[in-house]
Amino acid sequence: MKNRNPSKLAIWLGLADNSFTRQKTVKFGDSSAVNSGRAWGILMIVTLFILWWLATNRGWVKPIYWPSFDAVISRASLLWTEGFRNVALWDHVALSIYRVLSGVFYGAMLGVPLGFAMGLSSTARGLFDPVVEFLRPIPPLALIPLIILWFGIDEFAKIFLLFLAALFIMTIAARAGVSGVNVSKVHAAYSLGATKFQVLRHVILPNALPEIFTGLRTSMGVCWGTVVAAELVAADKGVGSMIMIAKNFLQTDTVVIGIAIIGLIGYVIEIVMRKLEARLIPWKGKL
Amino acid sequence: MKRLVIKDVSMTFTVPGDAPIRALHEVSLELQPGEIMTILGPSGCGKTTLLNIVAGFLAPTEGEVRLEDNRITSPGEISTVASVRPKSKPHDTRIMGPGADRGMVFQKGALFEWMTVEKNVSFGPDMAKKPRAETRQAVAHLLKTVGLQDFATKPVYQLSGGMQQRVALARCLANDPDVILMDEPLGALDALTREKMQGLILKLWKETRKTIILITHSVEEALFLGERLVVMAPRPGRIEKEYRLPFADRGMEDDPRHVKTSPDFTMYREEILSMIWGMEEEIMGRAKEPA
Numbered sequence: 001m002k003n004r005n006p007s008k009l010a011i012w013l014g015l016a017d018n019s020f021t022r023q024k025t026v027k028f029g030d031s032s033a034v035n036s037g038r039a040w041g042i043l044m045i046v047t048l049f050i051l052w053w054l055a056t057n058r059g060w061v062k063p064i065y066w067p068s069f070d071a072v073i074s075r076a077s078l079l080w081t082e083g084f085r086n087v088a089l090w091d092h093v094a095l096s097i098y099r100v101l102s103g104v105f106y107g108a109m110l111g112v113p114l115g116f117a118m119g120l121s122s123t124a125r126g127l128f129d130p131v132v133e134f135l136r137p138i139p140p141l142a143l144i145p146l147i148i149l150w151f152g153i154d155e156f157a158k159i160f161l162l163f164l165a166a167l168f169i170m171t172i173a174a175r176a177g178v179s180g181v182n183v184s185k186v187h188a189a190y191s192l193g194a195t196k197f198q199v200l201r202h203v204i205l206p207n208a209l210p211e212i213f214t215g216l217r218t219s220m221g222v223c224w225g226t227v228v229a230a231e232l233v234a235a236d237k238g239v240g241s242m243i244m245i246a247k248n249f250l251q252t253d254t255v256v257i258g259i260a261i262i263g264l265i266g267y268v269i270e271i272v273m274r275k276l277e278a279r280l281i282p283w284k285g286k287l
Numbered sequence: 001m002k003r004l005v006i007k008d009v010s011m012t013f014t015v016p017g018d019a020p021i022r023a024l025h026e027v028s029l030e031l032q033p034g035e036i037m038t039i040l041g042p043s044g045c046g047k048t049t050l051l052n053i054v055a056g057f058l059a060p061t062e063g064e065v066r067l068e069d070n071r072i073t074s075p076g077e078i079s080t081v082a083s084v085r086p087k088s089k090p091h092d093t094r095i096m097g098p099g100a101d102r103g104m105v106f107q108k109g110a111l112f113e114w115m116t117v118e119k120n121v122s123f124g125p126d127m128a129k130k131p132r133a134e135t136r137q138a139v140a141h142l143l144k145t146v147g148l149q150d151f152a153t154k155p156v157y158q159l160s161g162g163m164q165q166r167v168a169l170a171r172c173l174a175n176d177p178d179v180i181l182m183d184e185p186l187g188a189l190d191a192l193t194r195e196k197m198q199g200l201i202l203k204l205w206k207e208t209r210k211t212i213i214l215i216t217h218s219v220e221e222a223l224f225l226g227e228r229l230v231v232m233a234p235r236p237g238r239i240e241k242e243y244r245l246p247f248a249d250r251g252m253e254d255d256p257r258h259v260k261t262s263p264d265f266t267m268y269r270e271e272i273l274s275m276i277w278g279m280e281e282e283i284m285g286r287a288k289e290p291a
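Same order as they appear, the protein sequences are chains V and B.
Letter 111 of the first sequence, counting from 1, is numbered 111 in the working numbering, and no numbers are missing.
Letter 267 of the second sequence, counting from 1, is numbered 267 in the working numbering, and no numbers are missing.
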């Protein structure tokens, strides 16, 4: 019988299964038996780049629809050194990130106490539930015209839009966190002599933290999408506005680079939030 | 140490358009300081409701519960959570609701998973703002008593079910309550751990001489741990029979296996089992009848 152990590299690439999966006879339907398939992922990426290179070099697509590899590289270095429209590339990106962080911050500052009130008091729940439930399904982008009418297109208007986008997510997350507290924990705390405020501070709040953090993660994602869209509509700085303006000058390469940056930062936000979560709330989903 | 008096406690839930549900009917019990009592009964006999009334989480619709001179709960008034710590005013006759004089141990899920073992145990003293050094010493001593001295700084979610219940016991004792109420404290544990933990409960009872009420589904556990054993019956929830038993005392000196296989233990077990079986049959019979 052949029983050679595959190399670590082969397992990492997903060309071979680890020793636990190798012994499984039922693999179809067992999701833990599906390995990373990294080799295929690498193959896919390489193929896409080759296709890109071929398509532009052979003239299959015009540069105005999709830029060549070389054009993107040279444009990227130009953007890196000289910026876009007299603003450094990093400043465009930083401004967008700053807007997202402010929106999420203010959204959480109001949303968390609001959600707590709704989870803890019938009056607050009754008062705010209709408003929150009505406004929640409205995509934040649908509010842009109204916000432009109210506040114009300055910085405040953009942060206000993101604040609204984060607000309802944070409210609902905080409310869910409060409602999710096991009543045994509350009873235990009272039986240990805790006052109402101590129960709130030492039981209900920490118990709601995982939900609140999930809310933060979702708001970051939603706000990132919203900020780009808002900048497409009305802004002269920020990644969204950068690609919109580049389009007007038919700079397809800048547009593509902008899109890549947007994707990359969205991804980084998600990763950072996950790491933070594992760091700050290690008890999530346990017990 | 204080005497716990449960006097004519009834609990009736009225749902509009439906027959009232009598969860408890005129239940009276008196516990002397240092007694350990187990309560046994089929589901729906109101034993958890009774414990929640004693704990102060529920107000009965009739009757009252007193801990020496302090009224814990009585009907008509919704018990509000004591913002004044009961111990600071020993003869306060207000309705107190839950308080630090009655510790609770739940089946599971009542530990604070965001805290370490140590922090869980010191929760009561910390809330009362007791001096740090004093608390730390007391906590270390308690952790040693329950066998967790090496786990003080571990987060509770890393502990096994049995160890978590040890934390719950230590946390409750850290507050030095007059009465300890246990709602199926060992119900979620496997049989082996459960037996070990029964020994621990007896040991803690002997060392601290606390008044303890323990609810359980297990006839064997109720017999083994109860100086007094109360069997409750459902519909309406009431006390069916009370026993005075020697096994809790015996279990501390003798080998638990030996106690549990002794002829008198077996005799009690069979008697109570058939009593509870009878109740279950009756419920099933009633359920089958057309409404």
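Don't read these hints as lab results, they were simulated from the structure.
Values in this document were obtained by computation on a predicted structure and should not be read as measured data.
Treat the hints with care, since some could be wrong.
As the list claims (entries may be wrong) - Derived DSSO-like pairs: lysine-lysine, alpha-carbon spacing no greater than 27 Å straight-line:
| no. | chain 1 | residue 1 | chain 2 | residue 2 |
| --- | --- | --- | --- | --- |
| 1 | B | K130 | V | K196 |
| 2 | V | K284 | B | K154 |
| 3 | V | K284 | V | K185 |
| 4 | V | K185 | B | K119 |
*Holds or violated: are the alpha carbons of K185(V) and K119(B) at most 27 Å from each other?*
Roughly 14 Å between the alpha carbons, so the hint for K185(V) and K119(B) holds.
*Between K130(B) and K196(V), is the straight-line Cα distance small enough, at 27 Å or below?*
holds (18 Å)
*Are the Cα atoms of K284(V) and K185(V) separated by 27 Å or less?*
holds (16 Å)
*Satisfaction of hint between K154(B) and K284(V), Cα-Cα up to 27 Å*: Answer holds: K284(V) to K154(B) is near 15 Å, not above 27 Å.
Taken one by one, the earlier hints all hold for this structure without exception.
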